[in-house]
Structure formats: C-alpha cells, structure tokens
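Novice: Each chain, letter by letter, is given below.
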Amino acid sequence: MSYSQTAWIIPLLPLVSFTLLLAFGRQMKEAGAWISTLLTGMSFVWAVLTLVARLGKPVSDYAWSYNWLQLEDTALSMGYELTNLNSWMMVVVTFVSLLVNLYSKGYMHGDERITVFYGYVSLFTFSMLGLVLSQNLLQLYVFWELVGVCSFLLVGFWFFKPEAKAAAKKAFIVTRIGDVGLFLAILILFWQMPGHALDFTSIHNAFTGNEITPGWTTLIAILIFIGAIGKSGQFPLHTWLPDAMEGPTPISALIHAATMVAAGVYLIVRTYDIFAASPDALLVVALVGAFTAVFAATIGMAQHDIKRILAYSTVSQLGYMMMALGLGSVSAGMFHLTTHAFFKALLFLGAGSVIHALHRQDIREMGGLASKMKITAVTFAIGALALSGIPPFSGFWSKDAILTVAYEENKLLFGIGLITAFFTAFYMARLYFLVFGGKRSGPTRNGHQEHVHESPPVMTLPLILLAVPAVLAGFLSTPWNGWFGEWLTGLPAEEHANLIVMVLSALAGIGGIILGYLMYEKGSVPADIVSRQVPWLARLTERKYYIDELYDRIIVAPLRGLGHVLQVLDDVVIGGIVRMSARAAVGLGRNGVKLQNGQVQTYGLVSLLGFVLFVILLVGRRYG
Amino acid sequence: MTGMLASYLILAAVLFCLGLYGALSKSNAVIVLLSVELMLNAVNLNLIAFAKYGVGPSLTGQIFSLFTMAVAAAEVAVGIAILIALYRRKGTVDVTEMDEMKH
Chain A
1 MSYSQTAWII PLLPLVSFTL LLAFGRQMKE AGAWISTLLT GMSFVWAVLT
51 LVARLGKPVS DYAWSYNWLQ LEDTALSMGY ELTNLNSWMM VVVTFVSLLV
101 NLYSKGYMHG DERITVFYGY VSLFTFSMLG LVLSQNLLQL YVFWELVGVC
151 SFLLVGFWFF KPEAKAAAKK AFIVTRIGDV GLFLAILILF WQMPGHALDF
201 TSIHNAFTGN EITPGWTTLI AILIFIGAIG KSGQFPLHTW LPDAMEGPTP
251 ISALIHAATM VAAGVYLIVR TYDIFAASPD ALLVVALVGA FTAVFAATIG
301 MAQHDIKRIL AYSTVSQLGY MMMALGLGSV SAGMFHLTTH AFFKALLFLG
351 AGSVIHALHR QDIREMGGLA SKMKITAVTF AIGALALSGI PPFSGFWSKD
401 AILTVAYEEN KLLFGIGLIT AFFTAFYMAR LYFLVFGGKR SGPTRNGHQE
451 HVHESPPVMT LPLILLAVPA VLAGFLSTPW NGWFGEWLTG LPAEEHANLI
501 VMVLSALAGI GGIILGYLMY EKGSVPADIV SRQVPWLARL TERKYYIDEL
551 YDRIIVAPLR GLGHVLQVLD DVVIGGIVRM SARAAVGLGR NGVKLQNGQV
601 QTYGLVSLLG FVLFVILLVG RRYG
Chain B
625 MTGMLASYLI LAAVLFCLGL YGALSKSNAV IVLLSVELML NAVNLNLIAF
675 AKYGVGPSLT GQIFSLFTMA VAAAEVAVGI AILIALYRRK GTVDVTEMDE
725 MKH
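Sequence lines, in order, name chains A and B.
In this text, residue positions in the first sequence follow the numbering used here: the first is 1, and each later residue adds one.
In this text, residue positions in the second sequence follow the numbering used here: the first is 625, and each later residue adds one.
In isolation and in its complexed conformation, chain A is listed as follows (with noise of 0.2 angstroms):
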C-alpha cells in the first residue's frame, strides 16, 4: 500500500477526536486536548510522509470513489483523490491546526467547556481536510458548508458575550450569500456539463477540450468565485472576516491561516479549468483581489485593536492571492497562500500570547513589550517582516512572484500590488512599535505599572515552530526555483527573475516600515499627521469606509422594515381571521347554552319559529 492510497486516514483522524470528544467529553478534561492534539499530530505526520512520496511525482496519482447515489442514468459519486496541489494543502493545513491545538493548550486553559472547543477545532480540521481531499465539486460543497459551520461554531464559542453572538452569526449568514453562488454553479455544472459529470477529472477534461460555450464558462465561473468572495472575505463580502475575532484568537489563526479562508481559494485553483477557459472572468478575479488588497490595507492602516489589524491584513492578503490567480499564475497564489498560512498563524497566535497577558486588545494601551516578552516579541518581528515582505522572510519571495506576474501581464495591478506592499508594511511596523516598542518601561493601566510575563511554554513553543517556516517556506520556490509550480501545476516553470520587481518590492516594504519606524517609535514624524491634515480621510479608514452601515441601511434595514410590515399583517389580518373565528365558535356555543334554560316554553316558542320557517319554506317553494 503506497501512502496515496491511504491517504482518506488523514482527514479521519481529526474526526476520530471529534467523535471521542463529543462521546466522552464530558468525563475528562485536560485529557481532551491531549486527544486532540495527539491525533492531529499523527494527522500531519502522516500528511508529511504522504506528501515525501508524492515529491518529484507527476500532478495527480490516486483516486477512489463509490457510487453514492444513482439518478436514472447519472451517478453521483463520493470518494478521494490524491493531487500534488491537495497533498500540499494538507501538510499546511495539519501543519497550522497541530500548532494551534497545543497552543490552545495554554491559551483555553482553566476554560470549562475546552474538551467541546477541542471537538470543533478537530471538526474544523477533519471538514478543511476533506474539502482538500474531494474528488468531485458536490462533495466539496458538503466540506465547504461543514466548514462554515464549524467556523460559527468557534466564532460564537464565547456565546455568552452578544459580540461574539453577533459576529458568529454574521460570519454565518455573510459567507451563505457567497454559497449561494457556489451552489448556483454546482447546479449549472450538473446541467451543461457531458454526462452530468462533477468530479475533477470531467471538469478539467470538458473545460480544457472546450466543450462548454464560452458564455455558461464565464457564468460558473464567476459563481464560484462568488462562492470564494464569501469564504475568502473578499470585498464586498469582507465584513464578517474582522468581525470573526471575536473567537478565542487560537480560532483566529486556524480560520485565517489553513481553514476557512483558504478554502475560497483552494476551491478556486482546484476549478481553475473553468477559469482558464475564461479570460473575462480571470480578468474579474483579478481586479475584485487587487482593489480588496489595497481597499483592506487602508483600512488595517487605521484600526486599533491588534486583531482587527490583523484580519484586514489577511483580508489584503487573500486580495493578493486572488490576484495571482486572477492573473493566471496558479503556483504564485498557493505559494503566497503557503507562506501566508505560516506567517498569518504565527502572528495570530503573537497577538494571542500579548492578550494572554494583557487582557486587553486595544494597541493604543500596549507598548514596551519586547523586554517583557522576549520570544513572543521576536517570533512576532519575524512574522511582521515576512507579512511586510521583507527579505530575505517568506513573504517576500511569494509577495515578489505575485509582483512579477503582475508587472508582466497588467501595469496597473503591479502598482496597486506595489501600494499595498507598503501599506501592509507600514501598518505592520505602527503595530509592532505600539506593541512591542517605545521607551516607556511596559503597559500601564491606572497610572500603575503592570506586571506582565511571557506566555508559558505551551504557547511559546508554537511561535518558535512556526518562526521556522516563516523564515524559510520562501526558499521553497525562488524566482531561479521553479521546481514548486511545476510539481503543483505540472506546467513547466518560466524562469522569471525580475531584478526591477525584486528592488521596487523590497523597498516598498522597507519604506513602510521606515516611515512606520519613524512615526511610531522615533516620533520624528507626529503620529496624527494624516487625522490632523485630512481628518474626513483618517475618519473614512476608521470606520472602515462605512461599509458595514452602508449594508445596515440598503440592506438590513429595509429587510426589518419589511418584516415589521409583515408582521403587522401577520398580527391584523392572520391573527385577526383566527381571532374572529375562535370568537365565533365561542359566541354560538354561548348562544347555545342559553337556549337550553330548562324552560318548556322557551322549547315550545323555537319550536314554533321551526315550524313557522318549514311553513314559509314549503309555501315559498310552491309559489315562489
């Protein structure tokens, strides 16, 4: 048995823990992490040993499937197939969900309800395992809805804070109007394609031998994206992504670094055929991800709390990624989606370990960290330069292939990927000079000084994991290296060495953190400069340029105008026709009670009425 064939363990393992936790949870409660722990960690192991035998191996290899369910002549199948493309995905996947569970070792701990918090972070990683894993589009829309649900499970987890409530559900619905569309283009896809085949192999055969019309090709393929605009938190579909840190933070880096988010883009390269086949809709990817890149990191630029910042950063860097897909260059975008998951996570579970010891999230009250907690605040440096695009960090080579794409296919793009590059640095540098810098001896609160500690080594021992990678994962395909896209894509690898893109992208990211540097740390330039001199435009980022109340008024409010309208019908005429017939019944069946009084009299006068009725009727009959 090759590990190709063996590989639907991966994804069960996961599931064997959720299964236990839900069982016995109950009973123990340490023990559960361990659970968990224990048996994403035999999960990723056997991702890795699954993805070494796949190196140096042609895209595809295994797959199996059953029927599950026969329509007439049309079968609907479920099953697994091994990619080089889900083979890597589920090594960064288990990777980051591995971390996270021991994380939340410390981070959950003394928290009652950690044996179920454990149970649906297994589930969420058994639901992105099998997303990953499926072999045809149906069945990674069950994954796609299971992990959707998970994440309003985790988002919500803190159900007894309304925030939290509210973004769970928000978070829910927000990225449902996406699925629609997803699930418009499975239905399509059933329809037009030959034998109402859904799995890959047919998708990628009937989409690249041109057997669908270009006009339903560019319809799918825009409702997939739909589909990923809801998952990936692109705009206008954002809003829920900042609002989902109101989960514990182990949840935010598992949602923005391996699960939730990336499955919008992995669901966009595993049905890139469709896209290919359509240039117009290539063209709508590209320009939805680069204007969310831009439109994100100005707003991340303006935010206070250390989350927050770091969701429109993810925000701004699925908009890079789409970006990358968008402009045709499928290794650029899961390169940057590699790197980004190490770096992301890392940073999440930074901000995590600073809140672990602050309690607070607010980075106007931090500063003065870096003495207090040494590895966090090194760990996070390293996770800021990479996401700042920094040489020699990861970020930079996936942000640098991105750019090259982009400077040889569209001017414009480049330039808008180029601002985002230094916004992004910018912000990052504001964040960890807030947090970590300054002269000030530590945080205060009350005018006294507080007595912070680094995070235990449960929490530490993560960060320092994921420091490695964050450093390296760039070396894995350098623009002299293309070994990466070819094993991914199967398509040869262009050499594209761009000094000109390399030199402009390493100085945006190091101009934003020198002028981040100098405003935040040194001082030399005032801080409130921008709310100072243009205060509508510092006012339009904060408020996150209103988007949110733009959908409370267009959408949400005249939908509860609407339902308050319903309802008054539903009260007046509804109610009333109910209301009015049960006060009939009740009326006769009081009239009735009164007629029988006992009184022969009374019987002998409705008697009479009787019959002077029957005589009427009879005497109407015969001469009317």
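These are computed hints drawn from the structure, not numbers from a lab.
Because the structure is a prediction, the values reported are computed rather than measured.
Mixed in with the good hints, there may be bad ones.
In silico SDA-like cross-links for lysine to any residue, where the CA-CA straight-line distance does not exceed 20 angstroms [as the list claims (entries may be wrong)]:
#1 B:LYS650 - A:ILE547
#2 A:LYS374 - A:THR239
#3 A:LYS169 - A:ILE547
#4 A:LYS165 - A:THR239
#5 B:LYS650 - A:GLY592
#6 B:LYS714 - A:LEU608
#7 B:LYS726 - A:GLY592
#8 B:LYS650 - A:LEU608
Calculated Cβ distances over 12 angstroms to all of chain A for the following chain B residues [stated by the list, open to error]:
#9 MET628
#10 SER631
#11 LEU635
#12 LEU644
#13 ALA647
#14 LEU648
#15 ALA666
#16 GLY680
#17 SER689
#18 ILE704
#19 TYR711
#20 VAL719
#21 THR720
Cβ coordinates follow ideal geometry from the N, Cα and C atoms, glycine included.
Starting from the known structure of chain A, fit chain B onto it as the hints suggest.
Specialist: Below, chain B alone, put in the same frame as chain A:
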C-alpha cells in the same frame, strides 16, 4: 257551504293562536294549562267542522272530539296533580322558575 267551513276554520285558528300565545307567554301554570285546553278545543272545533262540512261528512269526527275531550279531562287532572306536587315542593306556580328539565 264552503264559506261556512272557512269561517269555522278561521275561528279555530284564532282560538289556537290565542291558546298558543297563552301557553308560551304566561307565567302562571294554571293559565298555561287553561291555554292548552283552548288549543285542544280549537282542534275539536276543526274536527267537528270537517265532520259537518268536509268532503265526506260523517259522525266519526264528532265522536272523535268526544274522545278528545275525555282524554283532555284526564290529562288536565294529571297536569293539575303535577302542578300541586310542584307547588308543595317549591311554593310557587310560576313556570319561569320551573327549569328542572335543564338537568
């Protein structure tokens, strides 16, 4: 001939209606009984009128009315006995207070 029959029948109808009105509206039980007698007599009048002026005149109708009067006398005797029993029990002859049939 038929004119005679009609006037008898009209008289009987008036009598019957008077009796009916009394039986349904009076509260004194004795008057109610009297009213019932009135209705019976209206019927008797009809029987006799048809016996004399009907399609096939015969004595049957007149004999029938004699029977009716006898039965009515017996019925009134029973009715008054019940009435006295009720009066002893409740101390009143007001029919509006006699609603035991409800139960």
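Novice: Now tell me, hint by hint, if it's right for this structure.
Specialist: Consistency of the hints with the structure:
no., hint, verdict
1, B:LYS650 - A:ILE547, "violated (84 angstroms)"
2, A:LYS374 - A:THR239, "violated (34 angstroms)"
3, A:LYS169 - A:ILE547, "holds (17 angstroms)"
4, A:LYS165 - A:THR239, "holds (15 angstroms)"
5, B:LYS650 - A:GLY592, "violated (24 angstroms)"
6, B:LYS714 - A:LEU608, "violated (29 angstroms)"
7, B:LYS726 - A:GLY592, "holds (13 angstroms)"
8, B:LYS650 - A:LEU608, "holds (16 angstroms)"
9, MET628, "holds (25 angstroms)"
10, SER631, "holds (22 angstroms)"
11, LEU635, "holds (20 angstroms)"
12, LEU644, "violated (7 angstroms)"
13, ALA647, "violated (7 angstroms)"
14, LEU648, "violated (5 angstroms)"
15, ALA666, "holds (15 angstroms)"
16, GLY680, "holds (25 angstroms)"
17, SER689, "holds (24 angstroms)"
18, ILE704, "holds (16 angstroms)"
19, TYR711, "holds (16 angstroms)"
20, VAL719, "violated (6 angstroms)"
21, THR720, "violated (6 angstroms)"
Against the hints set out earlier in the document, violations occur for numbers 1, 2, 5, 6, 12, 13, 14, 20 and 21.
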